[in-house]
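For the record, the sequence lines run as chains A and B.
Quick note: to get the numbering used here, add 30 to the position in the first sequence (first position is 1).
Quick note: to get the numbering used here, add 160 to the position in the second sequence (first position is 1).
Wrong hints could be hidden among the right ones.
Label pairs and their computed distance ranges (CB to CB) [unchecked claim]:
no., chain 1, residue 1, chain 2, residue 2, range
1, B, R282, A, Y224, 28 to 36 Å
2, B, A187, A, L214, 19 to 27 Å
3, A, V229, B, S213, 19 to 27 Å
4, A, V293, B, V401, 33 to 41 Å
5, B, S213, A, L214, 32 to 40 Å
6, A, I60, B, R265, 24 to 32 Å
7, A, L214, B, R265, 28 to 36 Å
8, B, S307, A, V276, 46 to 54 Å
9, B, R261, A, H154, 50 to 58 Å
10, B, K354, A, L110, 37 to 45 Å
What the simulated footprint calls covered on chain A by chain B, stretch by stretch (three residues with Cβ under 8 Å from a Cβ of chain B suffice, anywhere in the stretch; the number is not a length) [what the hints assert, rightly or not]:
no., stretch
11, 208-222
12, 247-261
By construction, these hints were calculated from the structure, which means they are not laboratory data.
Using N, Cα and C, we set each Cβ at its ideal position, and we do this for glycine too.
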Amino acid sequence: MLLSAAFALIGFGVAMIYSATYGTDPSSSIDPHVVRQLVYAGMGVVAMALLVGLDYRVLANLATPLYVAGVVSLGLVMVLGRLDYGARRWVDLGFFQLQPSEPVKLVVVVALARYFAANRERVHRFTTLLLSLAITLVPFALTLAEPDLGTSLVFVAIWFVVAYAAGVRWRHLLVLGGAGLLALPLVWELLPAYMRARVSIFLDPYSDPLDKGYNIIQATISVGSGGFLGRGFLSGTQSQLHFLRVQYADFIFSVLAEELGFVGAIGLFALFSILLLRGIRAAYLASEPFGRLVAVGLVAMTMFQLFVNVGMNVSLLPVTGIPLPFISFGGSSLITFMAAIGILESIAMRHRKFQF
Amino acid sequence: MSSPEPIRSLDEPFDQPPDPTRRRLFALGGALGIGILGLTSQLWRLQVFGGASYRELADNNRFRLSRLEPARGVIYDRNGDTLARNRPSYVVAIVPADLPREPDRARTLRRLSRLVGVPVGRIEAALNDRRADPFSPVPIATGVETSFAYTVEERHAELPGIQVLVKPVREYVDGRLLSHTIGYVGKLDADEFKRLAASGDYALDDQIGKMGLELVREKELRGRPGRKRAEVDSTGRELRVLGTDPAKPGRNLHLTIDLPLQREITRLLAEHMPAAEVASAVAIDPRDGQVLALVHLPSFDNNMFSRELDEAEFKALIDDPNKPLIDGAIGGAYPPGAIFEIVTALAGLHAGVIKPETKIECSGALVIPDRLAPGGVQKIPCWTSHGPQDCASALANSCNVFFYQVGGGDPRGSFDGLDIDRLADWAAKLGFASQSGIELPNEADGLVPTKAWKRRTYREDWFTGDTYNAAIGQGYVTATPLQVANLVATVANGGKLFKPQVVARTTDERGQTVDGYKPMLVRDLGFDPAKLKAVQNGLRYGMLIGRTENGTNFTGSSWQSDLRDLATAGKTGSPEWGTPDASGRSPTHGWFAGYAPFDQPQLALAVFLKRGRGAQDAARIARGVFSFYFGVAEG
């Protein structure tokens, strides 16, 4: 079920990218983005297969070296990264743009799961929680400095949910949460202008309808005009006439909502629900805390991105630059999530403590 | 595969996970549920509740209503020669809403700037001016070459949001000839736009008539713009046209003006420039009021307003003391001098002050007893001693003494004259001191004084001397060349004052006549035929030397301008104006007013030179005009 849901989502994604890029390149009938996404999916299948076959507990042992590698790669991207729209997020590997912050999410999940599992007895202590936060803060800060606010928030979400699932005291979480809230004004001051602009434009997109507010307004129009049944595949006027910029990436949900309507969106949610519930089931069935926490972390990661991306598309949240798992165009994201599915499947399969 | 190094957690029993974690897993599931629910409800709100209005917004995005320019009417002369027409020209424009976001925007503007040679700063300034309406094209470069326009079109992909529009440019054939009458078109200014924008027929970049017929007949010449509904993509490129409401082309104007005559009169007047400073001429058909020629120098080339206006050139025109931008033929009021004697004559005859056979002696001066010094006299001189004059010979000779007395009476008291109020009344009936109603703007009223007027203006009483001056068209009297031409036209046609008109007919785009010419009679003066004949003869004698039937002699003031093969009639005038020079002499205007042929008049003419002598200059010009128009030799 997990795998089927995942492949269904991937297929869905390729179809939507096809629609989003339909007709843009007059020389070929299929836009290169579609082809590339299929290639990435192929690469993802390989990664998935490897991780399914692998006993996930190996990852526990590799947690520390993986973590170090992850941090280093984030540091490297600041130096070697391609400057794109004022941010350095990718390393150009020629045929492939690697965005290290994507796989590093998996690394953080593993590292936190390992930490909490290893410190199970001390989980009620505040220091345990603080240390876990410290583990998270390094990649968080490095990602934030790229700058990539959206992805850095994923790390925080992962930390929060894994800590919660590991059994830390409610009070401790509240204290940290409260401290976070109090720090908000300070954080607001420290935020660079463009991030503040994102929030204010979210609150009133019509204050700059042709520039900053444009995508938000167009996304809302796209989603709304889909109606109940949608405009029809390849027939959404907003999508086909390209009123949304770069609609095969973060705003792909708008294309889906316009062309497949409310029913199409509910269908997407159904697939995601199946996937995530299977993930929670894997956590439930896991044979030991490490596996449980890894599963929880992967579910949290996926759920957070689903909510934030769709929320952004339906103007419930400001624009954050987080891709929709499995659907948005992007190799690093797709392969990371397919790897995550591989790990989840590995956990689910090994719940009766036999080895393959 | 060997088992990896076990971690402590492997020692844990394989029973159910501890309760807190299980509970917390349920909480995670719950969070999933809540999240999905929240997103679903927002989707419901947008798609199901708001679906219709969002669909409308999506349609607003892709359907664009654009304007179709109407073709402006063409202006022809009475023979069908083109005077004003539209020449197509290409304009490179930006539709701000279709420009890409940064950084492509800056790149596109740079590319455009290099292509059309307009600095990016100017382009940005132009875009900024139009922030309020991002869907209207902002013109960046006008009058670009055709080949260049094609280049921009070809490179459409690299220039999103850039459009090439075809915008007609108004072209005036031989711009200097009729620039005052036709006028010119220019961009709407702020006030005009405010006034007209509401109707939806005018956009910010439209041209509107600013002067002359272009201004007065703007509505007819413009037509009405049409609309086109098209589907566009996000770069503004039209994908298909969904419907058109075609533009209604403007009406064409066929003027009463005879272009060859206009050209010839202009040439004749130009020979006296720049010495004359200002020269005007008006030619009217006395049978129906059609204006055959309307000339005023100095003139200007109205094509200068169709190109990018040369600021220096324009300033030179405004600063020129002779005011080339004003049409002096209808807007300049000058003392008419002896021409006005025609009015005095008509008034005197019809008021019964004199009869056609009444003779008054001219001994070279008007002798007025000086009331302050008993026995003393004042003498107001005439040109020469004319001897006994009747009305006709007095007109031909331009005898001041005769008309002083018709106006102000015999100073020795043997008869009363018209007095100023009756003279002013007749002048007003003949079209003086008020606008003729010609449809061109800025017509002057001119002035004929009355006692009340003087009291109002100068707080002084009226003197008899003022009447004398008025009777010979000096003093406070002023008139426009148009009023003078209309005067002789009325005399020529037997007493009908017509409203002068410059438009003969209007036609639609297929050449069908919409409005024909309708003569507008202002009033029928009701002249007594015998009295009118005396005046008409007086004008005929003005071109001859001889003796009237009453036995009075005349030497027509313009006898040197007579044509051998055509009987013409006319009067000259050389009123003084301005300040006298050291030797006591003041400059004079040069007037001619007359018509031809004498028996069946077809052309009434007024010629005016600001610095000139009536018989010497203006009459000679008139001779040239009659000779040309009627195709007879001069001399």
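Hints and how they fare:
One distance hint, 28 to 36 Å for the beta-carbon pair R282 (chain B) and Y224 (chain A), holds here, with the actual separation near 29 Å. The hint said 19 to 27 Å for the Cβ distance between A187 (chain B) and L214 (chain A), and at roughly 25 Å that hint holds. The supplied range of 19 to 27 Å is met by V229 (chain A) and S213 (chain B), whose beta-carbon atoms lie about 26 Å from each other. For V293 (chain A) paired with V401 (chain B), a C-beta distance near 34 Å keeps the hint of 33 to 41 Å intact.
Distance hint check for S213 (chain B) and L214 (chain A): the Cβ-Cβ separation is about 35 Å, which falls inside the suggested range of 32 to 40 Å. One distance hint, 24 to 32 Å for the beta-carbon pair I60 (chain A) and R265 (chain B), holds here, with the actual separation near 30 Å. The hinted window of 28 to 36 Å between L214 (chain A) and R265 (chain B) holds, with their beta carbons roughly 34 Å apart. Restraint check, S307 (chain B) to V276 (chain A): a C-beta distance of roughly 36 Å breaks the suggested window 46 to 54 Å.
Checked against the hint of 50 to 58 Å, the C-beta distance between R261 (chain B) and H154 (chain A) comes to roughly 51 Å, which is consistent with it. With their beta carbons about 59 Å apart, K354 (chain B) and L110 (chain A) fall outside the hinted range of 37 to 45 Å. Here's how the stretch 208-222 of chain A fares: 0 of its residues keep a CB closer than 8 Å to some CB of chain B, so the rule of at least three is not met and the hint is violated. Counting residues of the stretch 247-261 of chain A whose beta-carbon sits less than 8 Å from any beta-carbon of chain B gives 10, enough to reach three: the coverage restraint holds.
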